[in-house]
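Number of protein chains: 4
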Amino acid sequence: MSLRIVSQSMLNAWNQTLIRGMSTQGGSKNIGFVGLGNMGGHMASNLIKAGHKLHVFDISKPACDSLKAKGATVYAKTAELAQNVDFLFTMLPNNDIVDASYEEMTANGVNKNTIFIDSSTIDPTLVKSLQKRISAKGARFIDAPVSGGVPGAEQATLTFMVGGTEAEYNAVKAVLECMGKRITHCGDYGMGQAAKLANNMMLAISMIGVSEAMNLAMRLGLNPKTFAEIINSSTGRCWASEMYNPVPGVTPTAPANNSYKGGFSTDLITKDLGLASGVATSSNTPIPMGALAHQIYRTLKSQGLGSKDFSIVYDFMKNEKY
Amino acid sequence: MSLRIVSQSMLNAWNQTLIRGMSTQGGSKNIGFVGLGNMGGHMASNLIKAGHKLHVFDISKPACDSLKAKGATVYAKTAELAQNVDFLFTMLPNNDIVDASYEEMTANGVNKNTIFIDSSTIDPTLVKSLQKRISAKGARFIDAPVSGGVPGAEQATLTFMVGGTEAEYNAVKAVLECMGKRITHCGDYGMGQAAKLANNMMLAISMIGVSEAMNLAMRLGLNPKTFAEIINSSTGRCWASEMYNPVPGVTPTAPANNSYKGGFSTDLITKDLGLASGVATSSNTPIPMGALAHQIYRTLKSQGLGSKDFSIVYDFMKNEKY
Amino acid sequence: MSLRIVSQSMLNAWNQTLIRGMSTQGGSKNIGFVGLGNMGGHMASNLIKAGHKLHVFDISKPACDSLKAKGATVYAKTAELAQNVDFLFTMLPNNDIVDASYEEMTANGVNKNTIFIDSSTIDPTLVKSLQKRISAKGARFIDAPVSGGVPGAEQATLTFMVGGTEAEYNAVKAVLECMGKRITHCGDYGMGQAAKLANNMMLAISMIGVSEAMNLAMRLGLNPKTFAEIINSSTGRCWASEMYNPVPGVTPTAPANNSYKGGFSTDLITKDLGLASGVATSSNTPIPMGALAHQIYRTLKSQGLGSKDFSIVYDFMKNEKY
Amino acid sequence: MSLRIVSQSMLNAWNQTLIRGMSTQGGSKNIGFVGLGNMGGHMASNLIKAGHKLHVFDISKPACDSLKAKGATVYAKTAELAQNVDFLFTMLPNNDIVDASYEEMTANGVNKNTIFIDSSTIDPTLVKSLQKRISAKGARFIDAPVSGGVPGAEQATLTFMVGGTEAEYNAVKAVLECMGKRITHCGDYGMGQAAKLANNMMLAISMIGVSEAMNLAMRLGLNPKTFAEIINSSTGRCWASEMYNPVPGVTPTAPANNSYKGGFSTDLITKDLGLASGVATSSNTPIPMGALAHQIYRTLKSQGLGSKDFSIVYDFMKNEKY
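Residue numbers (the working numbering), protein chains in the order written: chain A, 1 to 322; chain B, 1 to 322; chain C, 1 to 322; chain D, 1 to 322.
One chain only, chain A, in its complex shape:
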């Protein structure tokens, strides 16, 4: 028993050394994951597949059980979890929950070796405030929101938009690569979120624009496939027209061909536009199209279409119920 204690302590020391060595060269890490929802569950699984040791928490017992079955250690308290990990990911629904979660995890001090990485979509201002609070306690905090949706999370093909120092970016890159295929350094703290919000605002606008243009072209007599080809080889092309056309029958893999199920929900794009709208207000940035897009998706949500892919805006606009 004493032997076991000794060897456990030796093992721990060995582990610590190994981890420190690995943090630039790769290798198995102790990784925390708080938030095991549609996205987080897949992301945590991919970290296990890549050989890392996962320490997880979620308020949903089934979500925890699913990760436990794959080898993760489940915690009842995030504060305890946070003490045991090299990297700690949070993947949570909104500003308030992210804020409360960090409050809880760091109230009684932090493990100074931990890098906290928030992959939720939140206000860049909150990122900056969390970074200050956590760095004041001696640990590090960066933002790394994602795009790519549930399929990207499942297939480990997410894009990560990282806000932090060059050194922090380098320190987390290898771990992020277990979950994504494009890891972009956007700038300082909060710039990952800023990039995500501005990109998604553009996406939100262009999806409505494509829906209007396709609908108009079709009502004027054009064949939708013909018009999509024209636009896609011309100045009107965009990701939404090429890769995710909202008209059924045009892009085979798009949600439009699957009754607008799956994909990127109207609820989520509405949430992102709410955040973008907030930072536009605080920075006095005119966003007439972004603001109108926000209201249009909000209207779709009110009409009961919140859980559908956001390209359903085409379907809504094409209606002719006379």
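Hints in this document: simulated from the structure, not taken from any laboratory. Please note: incorrect hints may appear among the correct ones.
Repeated chains share a single entry, so a pair holds when one copy, or any two copies, can fit it.
Below, simulated DSSO-like cross-link-like pairs (lysine-lysine); rule was C-alpha separation at most 27 Å, straight line [unchecked claim]:
(1) Lys-225 with Lys-173
(2) Lys-128 with Lys-318
(3) Lys-321 with Lys-261
(4) Lys-181 with Lys-225
(5) Lys-49 with Lys-225
(6) Lys-70 with Lys-225
(7) Lys-261 with Lys-318
(8) Lys-53 with Lys-225
(9) Lys-112 with Lys-77
(10) Lys-318 with Lys-271
(11) Lys-128 with Lys-271
(12) Lys-225 with Lys-128
(13) Lys-137 with Lys-173
Chain A is already provided as a structure; the job is to place chains B, C and D on it using the hints.
Relative to chain A, chains B, C and D alone:
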């Protein structure tokens, strides 16, 4: 000297033969061109370069003189001009002038071999009405509006969007290829215009969207080049962000780097949105983003920016005159 | 037979004198009415009630029969009708029908004593063009569109917005007063239409604004009646909030309390906004709110709400189908 | 001595009665005022004029000196000030400053007789949270934002929109009447702010609508005064068209006749729309017109017009710089 004459005449004969061989089956045609403005002048010149015999008309004498110097025959009356040509192009500023021009050209009958091709940007409804009037007289009429702007007209790299029958499309393709590099058959009469208007509406929307997203990202602290790279490899990308970024310093060839000179003027995109808005009204098509874009460019025009490239919308929005 | 001719000619002379006398003091006139729809039928009836002799035309036989039963003379040809009247009203659905109707009525000359009065809602540009054509033939033409809807037409409480000279306004005022209670001289030809379109654009905007403000206030916890009282005694008040509140239970007489039936249909306000949008485009007038309002009503129409009162926009926006 | 005790107790009883009596009939109170800016300075002065004893605080020494000269007691610490007053008004620039101010004033306990009244314009959510915090400490807190601007503050003609219980409304009414002429009970805590934000959103929308309608009417040829009369007696009328017409020469007392100076600044309406937009987002309320209005005023602000009266939106839109 006689040698020179002979060799010149031989050269001409050789050229004619070569040209005839080069077009698919045709060869040198008698082509009419009515409207020798910024676009039409270059287009007519390119037809001459391709070996065709040009018959031209414009209300501007210098415009006519310039084409005459290149070998074109200048007419005082378009009705007479129209009797002498295989193909007749019109490239005119608006619905009313196009309508009046066809009225004049066809009032006293038509040459039944002539194919009239309108490359102006007009209402698809007018196209259909002109097609009926002209086919009733025994000739043919199709729409073939262009995109690519003055540089495209000069370098013969325009895109033509053709509305007409398959046979008519095939009949005009070789001639259009003397002026453009992409000749698309969009569908029946008016569908060329419909495609152009819907494409340009999308372009108008995405340019404002990109301007808002770039401006927001920059005010939040992102570097414009970094953000442009992120958006261009992500779901927010569009032609305007990739090829024609409105922020100076991002796309080297864009008008943004040349004080928003040249390019596609705010006046012209406002005109196209006016036409798109008209057909959206008559077809009861909701175009919230298109309508807002229309008002934004109209406001720029009112602010004295009508002659600037339409990407100046970024410059207008980024202002902070406190 | 000669007696008959003589007496007819005497009768005519007597009639002319009588008409001249009446035209300033009132008295029975020969009045034509072309277009006996929901509005026109009531208006023509009110002219009969006021003692005038009505000469009517409509493509609907029941509409004609109804007026015949009240004493009107029904015509098969408007050209013939127009020869027999002092005043001729047109109350027709749109630009094209108004244009065609005047073409038909005046093709073979006009009775130079006739004042043509168009009470339809049409483009002010068409008004000006009709005025030129008709005055060139020797008769007079003015615009006098109405507001007040079917109830106003029925109860003879319409507002007439008159475009024409002071003399013409004075010449028609007494007749218009048989159908309305407010006869406003707006200015020269077309200014009646201009006033109506600009007023209705404002109405369209404020109805949506009130709907948004009421809905927001209620979602934040305010009682709708309390909030309506606050707004109506404050800077947010408008006709739509005071007289026609879109929230059921607030204004007892408003269509909101009758399942949004009756009133001013979404179809009609959409039509008026289409005309306003057209003249804004041709006059380069920025109308961002007007254009957005247009798209919102157009969307309601597409959602099958075209025949409902336009205040149904509140009902549409308040939905929460989760 | 016993007499004295008796009389002291009688005096206390009498005082209580008096206070109770005063609370409906008036009488001199100890009133705190935190925030002596453009609005607050005048409001505090009016309380002095009405016979109350003022206890004031502001970070600006001149603002404090000005009130001191009128008889107010100036404090260095708001916590101390708050202990000495029956009513304490806060009139501060934004959410954060209001929040911080209450934190400071109540950190070391409260005088349980004090009614705190916030007349700033802030988020209704913050009102509810402040009410909970302060009532938990034993004092009362209500919201009573104002409309009427600097002239209303100066002339004691403000409108107060009160959120709180019926009893609290009755308790503060007499004091508010020293500063305003219309004291409205809007509902429970936060409902004063909710009413103000929803009313001002409507005002913001209708001012732009009136500007568009006036501009359109004028460009079509109508005289602005004639059109204003038409609209004001018709369905397009609103407070902005009647009392505050944005076209110079129409409403003599409007800022439009004074180079858009004074009045209600573009900066302030933009701020209010930012708050309205925030609560619309959190309550999922569609506000398409409100959101567009927000962006339009924000654009005016960016163009350097933030300090001008918000009716300058007309002047901006009417521009024709060709």
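Under the constraints set out in the numbered hints, which ones does this structure not fulfil? As far as the earlier hints go, 5, 6 and 8 are violated by this structure, in ascending order.
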